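Asks: From just these sequences and the hints, can you work out the full model?
From first to last, the protein sequence lines stand for chains A and B. At the far end of the first sequence sits residue 572, using my numbering, and the numbering has no gaps. At the far end of the second sequence sits residue 180, using my numbering, and the numbering has no gaps.
For lysine to aspartate or glutamate, the following DMTMM-like pairs were computed, each having C-alpha atoms within a straight-line distance of at most 25 angstroms:
#: 1; chain 1: B; residue 1: 55; chain 2: A; residue 2: 445
#: 2; chain 1: B; residue 1: 168; chain 2: A; residue 2: 386
#: 3; chain 1: B; residue 1: 168; chain 2: A; residue 2: 438
#: 4; chain 1: A; residue 1: 45; chain 2: B; residue 2: 137
#: 5; chain 1: A; residue 1: 441; chain 2: B; residue 2: 35
Since the hints were made in silico from the structure, they are not lab data. Predicted model, so just to flag it, every value in this text is computed and none were measured.
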Amino acid sequence: MLQLFKFKGGVKPDSNKTPSVQMPIGIAPLPPLLIVPLHQSIGGKPNPLVEAGERVLKGQLIGGADQWLSSAVHAPTSGTVLAVEERVAAHPSGLPTLSVVIEPDGRDAWIERTPLDYTALEPERVREILRDSGVVGLGGAVFPSHAKLAAAKSVPMEELIINGGECEPFMTCDDILMRERAEGIVRGSGIFRDLLKARRVLVGIEDNKPEAVAAMKAAVEKLGENFEVIAVPTRYPAGGAKQLIRVLTGKEVPASKRSPEMGVQCFNVATAYTAWRAIAHGEPVLSRIVTLTGNVEQPRNWDVLLGTPLRDFVALGKPKSDTDRYLMGGPMMGFEMPGLDAPLVKATNCIIAGSPKLFPPLAPEMPCIRCGACAEVCPHELQPFEMYWFARARNFGKTQEYNIFDCIECGCCSYVCPSHIPLVQYFRFAKSEIWSREREKNMADAAKARFELRNERDEREKAEKAERLARAAAAKAAVKKAPAESVSEVQTGDTSVAAVAAAPLDAEAVKKATIVAAMERARQQRESVQPKNTEGLTVAQRKEIAEIEARRLPLQELSALNADAQSSQRKK
Amino acid sequence: MLTAILIMALGALVLGAALGFASIKFKVEGNPLVEKIEAILPQTQCGQCGYPGCKPYAEAIADGEAEINLCPPGGMEGVRKLADLLGRDVKPLDAEEKPKQVAIIDEQTCIGCTLCIQACPVDAIVGAAKQMHTIVESLCTGCELCIKPCPVECIRMETISENIDNWKWKYPVIELKRVA
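Replies: Shown next, in the form of structure tokens:
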């Protein structure tokens, strides 16, 4: 038996997980409309690849990854693209984001799927396939998985951790996935292990999910893998990546490092499963398991297409009449969905119907009494009461000194605060203010650099112009000087006087002669051109042409006269 | 007596030479205070302070010629930071504080005169003579310098609205409820 370690802090909220695992995974019916946001992962925004009116097939690429740290998006079913437009996103702000609106045709017709044997492919190619299949971290952080699948150059990968912790109350999507589709998870973990060349694979599951542990153990045994399936003590947030790494390996990932630099990498179970589907079945990420629970008649886990509007999804669970809100994610870290039109996305692991009875309104915020309870439960050993103080005073530099960016917003501090202070909200506020300032600072620096470059260029151009003018002036002076010299020469030797006087006259005559010659050449050219299509004409046609020519003649004479008059005027 | 004078004179000579050498070797280029002030200024290069750019304004502040409340794009926060740095009193901003804006060219009306291109301090306008011009939004600092030179008044300022990329978590507010 592996020795387990402990992480500091943590809380034990009521798990509320039982109601939603009573039934197996249900396949959600096709909704009448799918709203697929293009930006569903961390990193770059995928570019839309379809237009309104276009027909798409299930699994067809509709948003292409625009850079390495980005992830593709696909049509979840076959149908017609109604629009590519801004729609409300599954985001606490409720602001719109560019989405592809698809009307399903009900046929659910797939694109051509090509199952691949990843062992025969270059690792780089496998990562590309994962990116283009839209495989991202499905634990909720939606970090593109392919970007995590490279070991650090200097440190060999010791442990690969498959995260089945799922510590958030109410949530059971990973639990049910492990119970029903353990084999896929184990095979996906095998892909990750081979890409990372990890020595050991540890599957960490909270010990309140004995069925999942058993199913995973059975699958590992069946496939003949040497993975270790380990039940870890149930304590929120044991499913946090850094916490699970700490519990299973005793390694503490410092703020300044990423886990591969410590020889360990962590993936969610659902991510491993989708990676397996993407490589071995050629199926991109089109759906995910979402727990529908809380204030509903039928709590259950559903395999639901991404882009399904919340309205159609919650109808499956028959929400009770006093439901007044829907939370996305768990009660500790989740946020309220901005409306029933917002779609489910790759980050949606759980939808909790809330009611005043289930989540009674928080008692009003009271002053901090500096009891230190928040510091005791903080799994990252921060001092939330200090950070709160500075965030409240908008002293953001100080919050950074207290390592606010190590905060994972798990909500333990808010959970235990006897003064009901929404600590996490203060930290989120401080973090986004700091980010926005950083963005502004970067923009200011860029503007300064551009301004300086422009000034430099202006100065250079000015200098070049001045130089050009000076050169021209010098040349002029030289020209002026030259005739003066020739005149002085003339004065000294009187034989060439006549020649010099004749020179300007001669030049004029030569010019005139050239003009006359050019005009003569042009006239000859005009005359040499024979009119085409004059052969084989009928008598009537010839007559017509003659008439036209006759009409033209006086006009030509007139224009010649005009030209003469003009030239004579010019001469005057 | 003489030795004492000699020792003192020698000491003065050596130390003076050392100081002279140091002043040449470790000479500070530019005024470090100006750089610090400039880092606080928003670099819009708009000239609303009355100086032709952020650097001249920073120099004027460092010389004590200019007040610290003349920069509207920097806002009250900028004034506060400058006051902190220079140990001066915070003064109310000498203009109205505006939200961040970008310039937008109405491409139907643009005649391609290039006047705005010449006015833009950060080269954020693309175009050529008798060709339509356009503003590279991500580079525009919202300085409004391009508006005046336009002969057909086809440039307008638009406030940058909140979107999902620049959205920020709000300061937590306590809702007040009537109890009685």
